[in-house]
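Q: These protein sequences, in sequence, are chains A and B. Reminder that position 296 of the first sequence reads as 296 in the numbering used here, one-by-one numbering, no gaps. Every position in the second sequence, counted from 1, becomes a number in the numbering used here once 309 is added.
Hints were generated in silico from the structure; no laboratory data involved. Among these hints, one or two may not hold up.
[Stated by the list, open to error] BS3-like, lysine-lysine: derived pairs with alpha carbons at most 27 Å apart:
hint: 1; chain 1: B; residue 1: Lys311; chain 2: B; residue 2: Lys511
hint: 2; chain 1: B; residue 1: Lys311; chain 2: B; residue 2: Lys325
hint: 3; chain 1: B; residue 1: Lys556; chain 2: A; residue 2: Lys215
hint: 4; chain 1: B; residue 1: Lys511; chain 2: A; residue 2: Lys273
hint: 5; chain 1: B; residue 1: Lys540; chain 2: A; residue 2: Lys215
Here are the chains, one letter per residue:
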Amino acid sequence: MAILVISEHDNAALKPSTLNTVKAASEIGGEIDLLIVGSGCSAVADSAAKVAGIRKVLVADNAAYDHEIAENVAALVIELAPGYSHLLAPATTNGKNFMPRVAALLDVGQISDIIKVESPDTFVRPIYAGNAIATVQSLDDTKVITVRTTAFDAVAEEGGSATVESLSQVKDLGLSRLISEDMAVSDRPELTAARVVISGGRGMASKENFELLEKVADKLGAAIGASRAAVDAGFVPNDMQVGQTGKIVAPELYIAVGISGAIQHLAGMKDSKVIVAINKDEDAPIFQVADYGLVADLFEAVPELEKSL
Amino acid sequence: MKVLVTVKRVIDYNVKVRVMSDNSDVDLKNVKMAVNPFCEIAVEQAVRMKESGLATEVVVVSMGPATAQEQLRTALAMGADRAILVQSDEALESLTVAKILAKIVEEEQPGLVLMGKQSIDTDNNQTGQMLSALTGMSQGAFASAIESDGDQLKVTREVDGGLQTLSIKLPAVVTVDLRMNEPRYASLPNIMKAKKKPLDTKTPADYGVSVKAHSKVLRVEPPAERQAGIKVGSVAELVDKLKNEAKVI
Ligand SMILES: Cc1cc2nc3c(=O)[nH]c(=O)nc-3n(C[C@H](O)[C@H](O)[C@H](O)COP(=O)(O)OP(=O)(O)OC[C@H]3O[C@@H](n4cnc5c(N)ncnc54)[C@H](O)[C@@H]3O)c2cc1C
Ligand SMILES: Nc1ncnc2c1ncn2[C@@H]1O[C@H](COP(=O)(O)O)[C@@H](O)[C@H]1O
Numbered sequence: 001m002a003i004l005v006i007s008e009h010d011n012a013a014l015k016p017s018t019l020n021t022v023k024a025a026s027e028i029g030g031e032i033d034l035l036i037v038g039s040g041c042s043a044v045a046d047s048a049a050k051v052a053g054i055r056k057v058l059v060a061d062n063a064a065y066d067h068e069i070a071e072n073v074a075a076l077v078i079e080l081a082p083g084y085s086h087l088l089a090p091a092t093t094n095g096k097n098f099m100p101r102v103a104a105l106l107d108v109g110q111i112s113d114i115i116k117v118e119s120p121d122t123f124v125r126p127i128y129a130g131n132a133i134a135t136v137q138s139l140d141d142t143k144v145i146t147v148r149t150t151a152f153d154a155v156a157e158e159g160g161s162a163t164v165e166s167l168s169q170v171k172d173l174g175l176s177r178l179i180s181e182d183m184a185v186s187d188r189p190e191l192t193a194a195r196v197v198i199s200g201g202r203g204m205a206s207k208e209n210f211e212l213l214e215k216v217a218d219k220l221g222a223a224i225g226a227s228r229a230a231v232d233a234g235f236v237p238n239d240m241q242v243g244q245t246g247k248i249v250a251p252e253l254y255i256a257v258g259i260s261g262a263i264q265h266l267a268g269m270k271d272s273k274v275i276v277a278i279n280k281d282e283d284a285p286i287f288q289v290a291d292y293g294l295v296a297d298l299f300e301a302v303p304e305l306e307k308s309l
Numbered sequence: 310m311k312v313l314v315t316v317k318r319v320i321d322y323n324v325k326v327r328v329m330s331d332n333s334d335v336d337l338k339n340v341k342m343a344v345n346p347f348c349e350i351a352v353e354q355a356v357r358m359k360e361s362g363l364a365t366e367v368v369v370v371s372m373g374p375a376t377a378q379e380q381l382r383t384a385l386a387m388g389a390d391r392a393i394l395v396q397s398d399e400a401l402e403s404l405t406v407a408k409i410l411a412k413i414v415e416e417e418q419p420g421l422v423l424m425g426k427q428s429i430d431t432d433n434n435q436t437g438q439m440l441s442a443l444t445g446m447s448q449g450a451f452a453s454a455i456e457s458d459g460d461q462l463k464v465t466r467e468v469d470g471g472l473q474t475l476s477i478k479l480p481a482v483v484t485v486d487l488r489m490n491e492p493r494y495a496s497l498p499n500i501m502k503a504k505k506k507p508l509d510t511k512t513p514a515d516y517g518v519s520v521k522a523h524s525k526v527l528r529v530e531p532p533a534e535r536q537a538g539i540k541v542g543s544v545a546e547l548v549d550k551l552k553n554e555a556k557v558i
């Protein structure tokens, strides 16, 4: 049994989500190879080779894989598939983009967003926005799986000594090309990997008011998140949305400010270790999942919180 | 250009689901069902394309029980022209849905297929990508905006780091995210008119697709409940608890 993990990286280094996905692979058991697909991504190979528990690093570095165009990445992965019993990718927007193509082209199902490995063919995954947890057995020979990274610890970045192999095949279907990217630049920790997350909702009332959260985040080294309502209202960009359709986070500490606690928001944060809610409505559903609830006007409570840290 | 839109019948997003006591599934008896919210946005987009002259015909497709007619009628009332119901009492997996859709695409030859990015019941997020792979049509997943550009489509995608804009060749499969538009409510006259619009009923066998299981659900359980927490009376008390009790700051 061998497992291929398709890594998430930024052409310079592996993203933490790759290390969580390798952990899921190690729980399945068997040899683990890491695939790095991208353009100008060779630098990632050296650090990838050091990741604990990796047998081989495969590198496909070509302009055809720039921005990991789904059609091209999937075409490459299916060529490699015959050597593996399992193909795993993190359930990031990138993994979700190409992985179902891999499954369809191999004529197998995909098991999305697993949170637990029960056995090499049986996995646990949330359904209905996390309101039910399904245990699913794959009946296919090749298992195509995406991994909810917050549900698995990261493996050690050091300690391995994998061999590195360059792949020469170039798959360019010529269907899609990048026009532009509008990526958030931030000095803060990545939302999905941060130890502390502070999120704002509709109650923040404006874009400017998010500065109140930034001041707290500065003191706590926190990432900033948001509810869908805050994103829809234009207070913050879409990459900050936490929830069923946004990012899934599970930090040590999650502070929800002016967020009511709709099930779709809870789906993205209720596995956080400690939850704090600040809301002026004492009946807000967020208090049902909060370890510490503070019924208060956020415009008074948040500045006070910042001062007392 | 003909636009094909998929519409899935799912539990209404406001309903709190309950797991059945035998742990076989969630209980869908007597709960309110609705159009999957993402599919509603896809229908709205297609109807707007028709209104602005970009689309010539909007065909909606659903796969599921006979009652999925209700969701197709909703889409027709929003402005779609005709509907296809592929009836099946068995739950259809994403790959099977994609295979049937691929046959419908072959028959209907749409220039664009608009789908939801995700079903809110299975939370799979895969059917559109699978359809694109099976048909060879290009893929624009998690789109928050589309703009037609000759034989290309400009697709703005919501990705983890922000937004990405691609130019993809038509015909294409686009899966839509929540911010693409706000779906309209159907007016009463349009609901009446929708009752007379054509709705074809088919079966998976009509498309030569055999319903094969690729996975088996062994158990469905409720999620672990969180322990009820406490209310604190002040910011000072909150900070004290976080420092000395939870030890997270
Ligand atoms: C298919 C689907 C997917 C979705 N996915 C997501 C998702 O991924 N993430 C997500 O977040 N939502 C998602 N939603 C939306 C979700 O249903 C809610 O609409 C949304 O989470 C509400 O955001 P909110 O809590 O900020 O706003 P509201 O529900 O309007 O709550 C605002 C809260 O702020 C409080 N407040 C107001 N002023 C103050 C003040 N001065 N001080 C203190 N408190 C104050 C109010 O008491 C209220 O509780 C989805 C919906 C659908 C249909
Ligand atoms: N049974 C179905 N009938 C109609 N459309 C479907 C069906 N299953 C999936 N889809 C479409 O595929 C999208 C993604 O679904 P999924 O991959 O199940 O999350 C949905 O938003 C629908 O547009």
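Q: Find the hints from earlier in the document that the structure breaks and name them by number, from lowest to highest.
A: When the structure is compared with the hints, numbers 2 and 4 turn out to be violated.
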